[in-house]
Amino acid sequence: MDQSLLNQVQNAVNKVGLTRNDYRGASSTLCQGCGHNGIAAQIVAACYEMNLVPEKVVKFSGIGCSSKSPTYFLGRSFSFNGLHGRMPSLALGALFADHTLKGIGLSGDGDSASIGLGQFKHLVRRNLPMVYIVENNGVYGLTKGQFSATADKGLSLKKQGTNPYLPVDIAMEALVANASFVARSFAGDPKQVKELIKAAIAHTGIAVIDIISPCVTFGNHEESMHSYTFGKEHEEPLHEISFVPARDEITVEDFEEGTTRDVTLHDGSQVVLKKLEKDYDPTSRWDALRMLEQAQENNWLVTGLIYVNPNQPTMYDMYNLPDIPLNRMTEKQIRPPKDTMQQVNDMMF
Amino acid sequence: MGNQKSIVNDFCITFSTVNGSGSATANTTIMRALFRMGIPVSAKNIFPSNIQGQPTWFTLRANKNGYLARVEKDDIVVAMNPTTLAHEIKFLNSGGVLLLPDDFKTDEIREDIVVYKMPVKKLVREAEVLPSLRDYISNMVYVGVLAWVLGIDIELIRQALNFHFKGKQKAVESNFNVVVAAFNWAHENLEKRDPYTAEKMNGVDGYIMADGNTAAALGSIYGGVQFVAWYPITPATSLAESLNEYVPMLRKDPDTGKDTCVIVQSEDELAAIGMAIGAGWGGLRSMTSTSGPGLSLMSEYIGLAYFAEVPVVIWDVQRVGPSTGMPTRTAQGDLTMVNFISHGDKQMVILIPGSINEHFEFGWKAFDIAERLQTPVVVLSDLDFGMNPWITKKFEYPDRPIDRGKVLWEEDLKKKMEEWNGKWGRYLDVDGDGIPYRTLPGNQDIHAGYFTRGTSHDEYARYTEAPEIWERVFDRIDKKFKKAQPFLPEQVLNKMDGATIGIISSGSADPAVVEARDILAEKGIRSDYLRIRSLPFFNDVKEFLASHERIYVVEVNRDGQLRQLLNVYFPEYGSRLVKAAHLDGLPLSAQWVVDHITRVEEV
Numbered sequence: 001m002d003q004s005l006l007n008q009v010q011n012a013v014n015k016v017g018l019t020r021n022d023y024r025g026a027s028s029t030l031c032q033g034c035g036h037n038g039i040a041a042q043i044v045a046a047c048y049e050m051n052l053v054p055e056k057v058v059k060f061s062g063i064g065c066s067s068k069s070p071t072y073f074l075g076r077s078f079s080f081n082g083l084h085g086r087m088p089s090l091a092l093g094a095l096f097a098d099h100t101l102k103g104i105g106l107s108g109d110g111d112s113a114s115i116g117l118g119q120f121k122h123l124v125r126r127n128l129p130m131v132y133i134v135e136n137n138g139v140y141g142l143t144k145g146q147f148s149a150t151a152d153k154g155l156s157l158k159k160q161g162t163n164p165y166l167p168v169d170i171a172m173e174a175l176v177a178n179a180s181f182v183a184r185s186f187a188g189d190p191k192q193v194k195e196l197i198k199a200a201i202a203h204t205g206i207a208v209i210d211i212i213s214p215c216v217t218f219g220n221h222e223e224s225m226h227s228y229t230f231g232k233e234h235e236e237p238l239h240e241i242s243f244v245p246a247r248d249e250i251t252v253e254d255f256e257e258g259t260t261r262d263v264t265l266h267d268g269s270q271v272v273l274k275k276l277e278k279d280y281d282p283t284s285r286w287d288a289l290r291m292l293e294q295a296q297e298n299n300w301l302v303t304g305l306i307y308v309n310p311n312q313p314t315m316y317d318m319y320n321l322p323d324i325p326l327n328r329m330t331e332k333q334i335r336p337p338k339d340t341m342q343q344v345n346d347m348m349f
Numbered sequence: 001m002g003n004q005k006s007i008v009n010d011f012c013i014t015f016s017t018v019n020g021s022g023s024a025t026a027n028t029t030i031m032r033a034l035f036r037m038g039i040p041v042s043a044k045n046i047f048p049s050n051i052q053g054q055p056t057w058f059t060l061r062a063n064k065n066g067y068l069a070r071v072e073k074d075d076i077v078v079a080m081n082p083t084t085l086a087h088e089i090k091f092l093n094s095g096g097v098l099l100l101p102d103d104f105k106t107d108e109i110r111e112d113i114v115v116y117k118m119p120v121k122k123l124v125r126e127a128e129v130l131p132s133l134r135d136y137i138s139n140m141v142y143v144g145v146l147a148w149v150l151g152i153d154i155e156l157i158r159q160a161l162n163f164h165f166k167g168k169q170k171a172v173e174s175n176f177n178v179v180v181a182a183f184n185w186a187h188e189n190l191e192k193r194d195p196y197t198a199e200k201m202n203g204v205d206g207y208i209m210a211d212g213n214t215a216a217a218l219g220s221i222y223g224g225v226q227f228v229a230w231y232p233i234t235p236a237t238s239l240a241e242s243l244n245e246y247v248p249m250l251r252k253d254p255d256t257g258k259d260t261c262v263i264v265q266s267e268d269e270l271a272a273i274g275m276a277i278g279a280g281w282g283g284l285r286s287m288t289s290t291s292g293p294g295l296s297l298m299s300e301y302i303g304l305a306y307f308a309e310v311p312v313v314i315w316d317v318q319r320v321g322p323s324t325g326m327p328t329r330t331a332q333g334d335l336t337m338v339n340f341i342s343h344g345d346k347q348m349v350i351l352i353p354g355s356i357n358e359h360f361e362f363g364w365k366a367f368d369i370a371e372r373l374q375t376p377v378v379v380l381s382d383l384d385f386g387m388n389p390w391i392t393k394k395f396e397y398p399d400r401p402i403d404r405g406k407v408l409w410e411e412d413l414k415k416k417m418e419e420w421n422g423k424w425g426r427y428l429d430v431d432g433d434g435i436p437y438r439t440l441p442g443n444q445d446i447h448a449g450y451f452t453r454g455t456s457h458d459e460y461a462r463y464t465e466a467p468e469i470w471e472r473v474f475d476r477i478d479k480k481f482k483k484a485q486p487f488l489p490e491q492v493l494n495k496m497d498g499a500t501i502g503i504i505s506s507g508s509a510d511p512a513v514v515e516a517r518d519i520l521a522e523k524g525i526r527s528d529y530l531r532i533r534s535l536p537f538f539n540d541v542k543e544f545l546a547s548h549e550r551i552y553v554v555e556v557n558r559d560g561q562l563r564q565l566l567n568v569y570f571p572e573y574g575s576r577l578v579k580a581a582h583l584d585g586l587p588l589s590a591q592w593v594v595d596h597i598t599r600v601e602e603v
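Protein sequences, first through last, are from chains A and B.
Residue numbers for the first sequence follow the numbering used here, beginning at 1 and rising by one.
Residue numbers for the second sequence follow the numbering used here, beginning at 1 and rising by one.
Rather than coming from a laboratory, the hints here were simulated on the basis of the structure.
Under the rule of at most 20 Å between Cα atoms (straight-line distance), these lysine to aspartate or glutamate pairs were calculated in the EDC-like manner:
no., chain 1, residue 1, chain 2, residue 2
1, B, 252, A, 339
2, B, 64, B, 153
3, A, 278, A, 235
4, B, 168, A, 346
No experiment lies behind these values; they were computed from the predicted model shown.
Work the whole structure out from these sequences, hints included.
Have a look at this one:
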């Protein structure tokens with residue numbers, strides 16, 4: 001790309017008057033080639049293209065390589081890097097402070113599939129509206145390469161020996177916990193990652209994306225499902241996916257009549273899924289579970305939108321929340337008036 | 001009765017029942033009736049960690065002097081549990097009264113007590129209630145007989161039942177009919193042979209009856225609590241349940257009718273504290289309530305909140321530990337754990353209410369303090385306060401506006417940025433008081449956002465491992481606590497002319513200390529008393545230590561934890577401190593305090 005064209009792309013503003021630069025974060029300190037960096041870049045792209053205002057986004061993470069990455073995108077947004085496996089609870093409390101904000105949670109397999117499994121599943125079960133990305137590489141990177149709970153059985157690592165246990169499947173766990181949006185992708189497939197993140201942002205409810213993100217330093221072994229080689233060779237997309245924001249004219253030129261399937265999200269936007277060979281229905285939880293089971297048997301890395309239910313009530317629906325954010329309430333709104341004190345004393349004996 | 005002198009408004013009754021039998025209704029009914037007579041009353045529920053079938057005791061004290069501490073011996077025992085009868089009899093004072101069903105075996109009953117046998121089965125049979133309700137109704141028999149023995153106005157019993165059943169007349173009547181039948185039976189068949197009498201007095205004007213958990217919940221509501229995350233645990237559960245009860249009543253937005261407080265029952269305490277800290281960071285007045293085991297689980301997140309400077313209020317309704325310990329018994333055993341909670345250097349702000357009224361007061365104050373100092377505030381209550389019914393002065397409306405601390409919204413931030421030459425840092429100490437300014441998520445100013453973390457950070461919230469920055473930021477955090485005194489409840493000093501000793505105590509040990517000081521004074525041991533209501537300690541504590549040569553630190557734990565902390569912060573006075581710590585799961589009695597201090601003083 002010549003310089004002037006490059007400048008043009010970088011200086012182009014979106015509908016909220018921001019350039020791509022406004023969505024960037026600090027430089028990454030993760031390893032070169034780390035899948036997480038690619039994902040951060042796609043989050044930047046998705047937020048830019050979705051016209052999100054960074055101040056209307058809050059980032060959350062736990063502990064681990066993945067959880068460091070919120071530093072590397074949306075530098076203007078508020079962010080809270082919490083405790084290992086306990087980002088879900090933190091995000092839940094924080095988002096109730098201002099329910100008009102969009103939450104993006106960044107976690108990893110060490111964070112969400114071990115200590116965090118309970119909080120992860122309970123957050124999913126409550127359907128708190130937020131994007132929940134698991135950057136899944138099957139190893140503990142920051143502590144230099146131990147097996148995580150998502151590592152394949154039989155995988156060998158130099159210092160660790162052979163992993164004797166069956167892996168935890170993040171997408172399966174999310175489904176079983178009644179997630180309203182479950183997707184899986186592969187960091188080596190940036191276009192799909194971006195489209196899924198956009199759909200996740202538009203989804204009203206929790207949107208779990210399990211992204212296989214190879215660890216170039218400790219886990220990029222060819223036989224491992226969490227490697228670039230394996231991912232490239234075994235990725236089985238369920239469909240080609242495009243996200244069409246609400247009120248945009250839907251152009252389906254790429255999609256031949258009769259081979260696409262549209263899913264309308266709650267805000268009116270659409271996920272357009274182009275059928276590949278398989279006839280797959282992402283609105284059926286049962287089909288989703290069966291598909292994941294089949295993928296496991298066949299050693300496929302199935303990617304795409306696995307399940308979505310745009311109409312599942314969210315956690316906010318369980319409360320009678322005011323329109324203005326709770327954190328903007330005044331004293332008059334949160335302290336009962338003085339004349340109630342006598343009534344309360346009368347209620348005691 | 002003969003020429004025996006009456007003992008008026010000064011007696012202790014123990015009701016011995018089987019748990020799950022509905023005796024709480026009967027027991028609190030008696031308590032409320034005595035309260036309505038103007039008599040100061042206090043009660044201790046001694047119950048097992050069990051749902052049904054185990055022995056349970058309710059000890060009710062009436063005292064015209066207003067002493068509220070537990071007493072160790074009974075004047076009257078209502079024995080409804082045959083398996084513990086022998087045990088109960090041992091605890092009766094000579095001349096005391098034993099009420100029991102007429103079908104209980106009474107071979108081993110002492111001769112120095114008065115026994116009244118009640119025809120419980122007969123009266124219940126005659127009551128014509130559903131068989132399933134018989135057990136509950138049978139407790140009303142002793143209410144009626146006891147009312148006759150003590151001379152309680154039966155109309156006050158009806159008022160108490162009416163309150164208990166929230167005015168449901170059918171329930172009130174079916175219970176009250178049994179009370180009346182029992183009262184009339186006693187009147188016709190018994191001869192009063194004991195000295196105990198209840199008489200109307202004016203001892204509780206301006207008082208209400210409440211437990212600490214209810215008071216804490218209400219205080220929090222008047223403090224503007226906006227987010228509660230909790231997980232069930234004895235004895236803290238009823239605090240959150242009281243919030244569930246009163247929030248819908250008191251916390252609808254006056255204009256829109258929408259809820260201004262969110263309550264979430266979390267999956268565990270790890271999540272409860274995470275949620276509460278998330279909400280506190282988001283700018284909500286946020287709290288959780290728990291007990292020791294839950295607090296142990298919460299400790300890692302509390303450390304993060306200390307270091308990342310997130311306001312949150314944590315109520316610890318203490319029970320006996322370590323481990324599962326005695327879940328239904330009281331203790332003050334979490335103090336040192338809380339003071340240093342979580343790994344790394346630290347100091348917590350701790351509030352220790354010493355009455356039910358103070359539970360209400362600290363309920364709202366805790367939020368002001370947490371948001372002012374941008375730090376977790378732990379309020380230490382215990383089972384004795386939390387779950388027992390107490391009399392207390394009426395709750396008072398907060399005497400000052402809410403203090404949200406140093407929060408910058410869009411306009412504030414713009415103004416301050418001009419003042420500060422375009423520089424704002426989340427952890428910059430611009431005022432020199434150690435307290436930085438914070439922005440809240442949702443602030444639309446492009447300079448507002450910052451990255452919160454439990455990892456090392458500089459004044460602009462950026463990650464750093466630079467040694468000098470770590471030390472500078474960490475010392476600045478400590479400064480907040482060194483300057484916190486104006487925001488904390490002051491300690492309460494009670495002096496006595498000619499005092500020769502000092503006493504330091506806190507929380508639910510207070511009623512025993514108050515009574516013990518009077519008893520000791522009669523014996524010639526006069527004392528000054530400092531009641532600790534907040535930590536960190538400041539000069540007022542130091543002055544008390546400096547001005548008394550021998551100071552008893554009275555507390556409900558094994559190791560003398562308050563004394564340990566005084567030793568840590570005022571080592572120069574360590575040799576003046578005498579441990580007066582006792583832990584058996586029961587609230588402290590004045591007698592124990594008197595015996596302990598006398599024993600040392602007489603050496």
